[in-house]
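Participant: If you're matching positions, the sequence shown starts at 1 in this note's numbering and goes up one per residue.
Everything labelled a hint here was simulated from the structure, so no lab data went into it.
Treat the hints loosely; a few may be bogus.
Across the chosen pairs, the derived CB separations fall in these ranges [stated by the list, open to error]:
| id | residue 1 | residue 2 | range |
| --- | --- | --- | --- |
| 1 | 429 | 108 | 40 to 50 Å |
| 2 | 140 | 297 | 18 to 28 Å |
| 3 | 254 | 108 | 50 to 60 Å |
| 4 | 67 | 131 | 26 to 36 Å |
| 5 | 539 | 467 | 18 to 28 Å |
| 6 | 73 | 426 | 18 to 28 Å |
| 7 | 428 | 295 | 25 to 35 Å |
| 8 | 22 | 108 | 52 to 62 Å |
| 9 | 254 | 230 | 44 to 54 Å |
Cross-link-like lysine to aspartate or glutamate pairs, in silico, EDC-like; alpha carbons within 16 Å at most [what the hints assert, rightly or not]:
| id | residue 1 | residue 2 |
| --- | --- | --- |
| 10 | 152 | 174 |
| 11 | 54 | 42 |
| 12 | 89 | 45 |
C-beta atoms are modelled at their ideal positions from N, C-alpha and C, and glycine is treated no differently.
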Amino acid sequence: MKRIIALLLLSFISLLGDQEIDRLRNQLHNADTPERVYIWGEMADYYWGRDPLKADSCFRQAIAEARQLDSQTVLGDITFKYGRYLYYKSKLDTAAVYLSESLRIRKAVSDSVGIGKCLSHLGLIDWLSNDISGAFTLLEEALEIQRATGEKEEQGKILTNIGNIHRQQGDYKEALNCFIEALDIYREIDYTEGIAWLNYCIGMLYKNLHEYSTALEYLEKSMYHYRILAGQSNDTGGIRICYSQIGEVNLLAGNLDTALNYLMKALDLQKRSGVANAIADGMRRVAQVYYQKGQCKEALDYAKQALEISRPLTDRSGIMDILFVLGRVYGCLDEPDSALQTFQGGLTEARKRGDKPGEARILKSIAHTYKLIGQPDSAYRYLELYTDVNESVINDQISNRITSLQVQYKLKEQEQENQRLQQDLRIQKLEAERQKFTRNIFILLFSVGLLILIGTIYLYWNKARDHRKITKARDDLRREIEERKLIEKEREKLIQEQKEALEKINTLSGLIPICSHCHKIRNDEGYYEQLEKYIMDHSDAVFSHGICPECMEKLYPDFTKKDKKK
């Protein structure tokens, strides 16, 4: 099940990688020449840890197109990237050529940051080429330039490299000073990769001081940070070197199975990286574990492969260790002549590099080999040489032990200072949170009070407005009522007057002048009118005309007679 999940995960990562390279190819197809150079560089970065040959081809194409442009800046950028790539691939001579070209261009265009980067990498090449003084000169010049530019990240990197050179030279105090200064810078800018690398370097320092448990502690811290970075960028270089050194420290501490487990993991990643000196170093460490486990045939196979890979390299810093392990393996396989020849080669390399502990180890092994083959004179001679060298080594070890205690004290002091600073930061954070909480409460209370005030004012204004409306309406109603009452009074008065007038008009009273002959009545205007009309005008009576029998008989006698006959 785990294998299936791993295969699915690898397929998913591969699909994402294909999408990334397809995106870059599409951009390359549509880009102008200056942009094409940088896209070729991005493609080279993509292939860096996946396919070194394709990465190299992309860099060369980028440089070829950059040379056709009239832009020194573009050419300076891409030659630096290619030189840095070659440096990490241990092709130091070729790397120096491209970095020197980039340095010349950066100086021509007054690119101070770029000048500092080029000098820093050239200093590292001098270091790996065993030119320690040249390395210090270039790195210190680079540091001065980057301090002037204010590039914190570059300052931290250069200080770390200077510290590593001091560490390799046994000057642990100076190494620690550089590491602490770099660590302060990285923490200031929150540079995770730099913090991871510094934990690794401090772990290596403790390894040199034979403080293996403390070394493992710092290497594990470094591994933790590198795992986070690998999840972000798919770069396993940091994990690879941590595996390698954790395995080496466990080897020195005698934990052989644990050492072999870590070293085999490291070797797998080293082979994937394609970095020759890293592969050779990994094989040398595996050979050493197999030798100490008594599996000399397996040890011989790995040691020979390591030597074969290392011989053509410019960086010969690991050859002495490989020859020492190979010589011991030959001794284990009862091949004293091969062992002595191999030890002599290792002794020459140790003396070239001024590696006294390595020289002492090899001299002791040569003396032991001569003793085993029955050559006491040669054994005694090399033993005397070993004693002379070992005295200085012991003195160095005593000095290193004192330095170790000083380093531990200083690191502990630094850790306590860091803890105090972290505590101060936590206190400041809590205080800031308290102030923020208090401020928020004040703002909330102020806002609530303001809302209440606004609400009260609004309600008061509404109430006042409503009161004004009610008062106005009441006044209007009062006026209207008064007006209605007045109108009603006037109406009643008018009605009363009308009634009185009607009563006067319609009431038949007093002396009424009437014609004695035609019975017409004289009205108020002096005219005579029919009796019926006068009465109707002056009363509520309505006349309905008819004819009485007597008048009927008088006026219509014929009708009266007919009725009687019937």
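Participant: If a hint holds in the structure, say so; if it does not, say that too.
Facilitator: Now for the hints, and whether the structure bears them out:
1. With their beta carbons about 49 Å apart, residue 429 and residue 108 fall inside the hinted range of 40 to 50 Å.
2. As the Cβ distance of residue 140 to residue 297 is approximately 48 Å, the hint placing it in 18 to 28 Å is violated.
3. Restraint check, residue 254 to residue 108: a C-beta distance of roughly 56 Å satisfies the suggested window 50 to 60 Å.
4. At roughly 30 Å, the beta-carbon separation of residue 67 and residue 131 lies within the given 26 to 36 Å, and the hint holds.
5. For the pair residue 539 and residue 467, the supplied restraint of 18 to 28 Å is violated, since their beta-carbon distance comes to about 59 Å.
6. Distance hint check for residue 73 and residue 426: the Cβ-Cβ separation is about 46 Å, which falls outside the suggested range of 18 to 28 Å.
7. For residue 428 and residue 295, the Cβ-Cβ distance of about 57 Å falls outside the hinted range of 25 to 35 Å, so the restraint is violated.
8. Between residue 22 and residue 108 the beta carbon distance is about 37 Å. The supplied range of 52 to 62 Å is therefore violated.
9. For the pair residue 254 and residue 230, the beta carbons lie near 30 Å from each other, so the given range of 44 to 54 Å is not met.
10. About 20 Å separates the Cα atoms of residue 152 and residue 174, which puts this hinted pair outside 16 Å; it is violated.
11. For a cut-off of 16 Å, the pair hint linking residue 54 to residue 42 stands: about 12 Å separates their Cα positions.
12. Of the pairs offered as hints, the one joining residue 89 and residue 45 holds, with about 13 Å between alpha carbons and a cut-off of 16 Å not exceeded.
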